[in-house]
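Asker: So you can see what is in the structure, the chains are spelled out below.
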Amino acid sequence: MQSRSIEITVGAFVLAGIAALSFLVIQVSGLSFAEARRDTYRLSAQFNTVAGLAPRAKVMVAGVTIGRVTAIHIDPISVRAVVEMAIDREVDYLTTDSIASIKTAGVLGEQYVSIAVGGSEDILKPGDQIRDTQSAMILEDLIGKFVTSFGDKE
Amino acid sequence: MLAYLQRLGRTGLDVAAGFGRAGILLAQALWGPIDWRYGPGLLLRQLHFVGVYSLIIIVVSGVLIGMVLALQGYTVLVRFGAESALGQMVSLTLLRELGPVVAALLFAGRAGSALTAEIGLMKATDQLAAMEMIGVDPLRRVARPRLWAGIISMPILAQVFNTVAILGAVGVGVSWLGVDAGSFWSNMQGSVELGEDVINGVIKAFAFGVVVTWIAVFEGFDAEPTPEGISTATTRTVVYSSLAVLAMDFLLTAIMFGVD
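As they're listed, the protein sequences go chains A and B.
Just so you know, our numbering puts 31 at position 31 of the first sequence, and the rest follows in order with no gaps.
Just so you know, our numbering puts 207 at position 53 of the second sequence, and the rest follows in order with no gaps.
Hint data in this document are derived by calculation from the structure and do not stem from the laboratory.
Just so you know, these numbers come straight off a predicted model, no measurement behind them.
A few of these clues could be false.
Residues from chain A that keep clear of chain B, each with C-beta distances beyond 10 Å, as calculated [stated by the list, open to error]:
#1 T9
#2 V28
#3 A86
#4 T95
#5 L139
#6 D141
#7 F150
Quick partial rundown of chain A residues pointing at chain B, CB under 10 Å, derived from the structure [claimed, not checked]:
#8 L21
#9 M60
#10 V64
#11 T70
#12 H73
#13 R89
By construction, the Cβ of each residue, glycine as well, lies at the ideal position given by its N, Cα and C atoms.
With the rest of the complex left out, here is chain A (with noise of 0.2 Å):
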């Protein structure tokens, strides 16, 4: 008999152990595990300055998440930053004269990879590149022309 609740409370535990485990699965991490593992394809692009992307940031068309960067390294040379980016699979419209930029998502938020589609017939494969880029906004630079602006006008 003793046994016998002991077994039943230890089932009770486990039990609490896997209802617990399923709750974060599924509710706290929405299942994000699919995204990670979807069919991608590699693309690059080169920026002049990348300042505060980072792996695993976002790749948006239209604010839509298409893809995430998968890693930034120094093209040795053009001396410009290399993204390297996966897509997925079934973004098959992006054009060869598609532009991408890095933006920030409000203005303390994460950086992203912004890819404006373009008018062109030719659709990127997978492992091209995408020629027209724009650069990072440095909120200091900015700052600077601005305080210099103003230095000028007196």
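Let chain A serve as the given structure and place chain B on it in line with the hints.
Answerer: Coordinates of chain B only, in the frame set by chain A:
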């Protein structure tokens, strides 16, 4: 001068010998042929003793910590108008750090100390020696089910802790302070990754479970068989396992979330 040097050397040797004994104990208790004579009953009883009895303190402190996190987070975030990020802040804090660590510290205080005291008393009353006399290996009869029970219980306890803490944060943040429930959950789901955050938290809890029960069982076996020795061993269990959990947490965090 030489006497000091000698004492230092002896301390060093003792420490090294202690680590060795602890390692041998763990290896002998966890591996080796399974003795089916004991059946699963031993493990069940230890799961009950180590896991189920720790549940109450884990649930109560989990709810309270979740509530405090929500309250503190809210007062800071609301200044920037970013109170919708409360769910994200609370869940990431809990899943990555606070859940496994606090659950492990509570576990060390609640279950680890009890394990040490129990085994120490068995040793002091010659029960362990008696087992050996009748041909029962105390490592397998006493240490193995306790170690496994701790290793199994710890991840369960940590996940229960995380869950009730997040629910406590929902209670304070959403129901009381009026953060929008939709943005609370969607912010949380947008930032929490299954592999990165949830699974890493489980791995951490698992590692802490191994360390805490290992220290507790070892200190019990290594205790001096006197009332004083048992009390020292119990204290050492709590102190060592707390320090080990915090140090390991830093290491694991550096490996899992470190800058790469």
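Asker: Now tell me, hint by hint, if it's right for this structure.
Answerer: We went through each hint and held it up to the structure:
1. For T9(A), the condition that its CB be more than 10 Å from all CB atoms of chain B is violated, with the nearest at approximately 5 Å.
2. The claim that V28(A) lies off the interface is violated: its Cβ sits roughly 5 Å from the closest Cβ of chain B, which falls inside the 10 Å cut-off.
3. A cut-off of 10 Å between C-beta atoms confirms that A86(A) is not in contact with chain B; the least separation is 15 Å.
4. Listed as outside the interface, T95(A) is consistent with that label: its C-beta sits roughly 29 Å from the nearest C-beta of chain B, beyond the 10 Å cut-off.
5. The Cβ of L139(A) lies farther than 10 Å from every Cβ of chain B, with a closest approach of about 17 Å, so its non-interface assignment holds.
6. The claim that D141(A) is not at the interface with chain B holds, since no C-beta of that chain comes within 10 Å of its own (minimum 24 Å).
7. Taking the minimum C-beta to C-beta distance to chain B, about 28 Å, the non-interface status of F150(A) holds against the 10 Å cut.
8. The interface hint given for L21(A) holds, since its Cβ lies 5 Å from the closest Cβ of chain B, which is under the 10 Å cut-off.
9. At about 13 Å, the closest approach between the beta carbon of M60(A) and any beta carbon in chain B exceeds 10 Å, and the interface hint on this residue is violated.
10. Contact between V64(A) and chain B, as hinted, is not supported at the beta carbon level, the nearest pair being about 13 Å apart and thus beyond 10 Å.
11. The beta carbon of T70(A) is not positioned within 10 Å of any beta carbon in chain B (closest approach about 12 Å), and the interface hint is therefore violated.
12. Interface restraint check for H73(A): the shortest CB-CB distance to chain B comes to about 13 Å, outside 10 Å, so the restraint is violated.
13. Because the smallest distance between the Cβ of R89(A) and any Cβ of chain B comes to about 20 Å, over 10 Å, the interface hint for this residue is violated.
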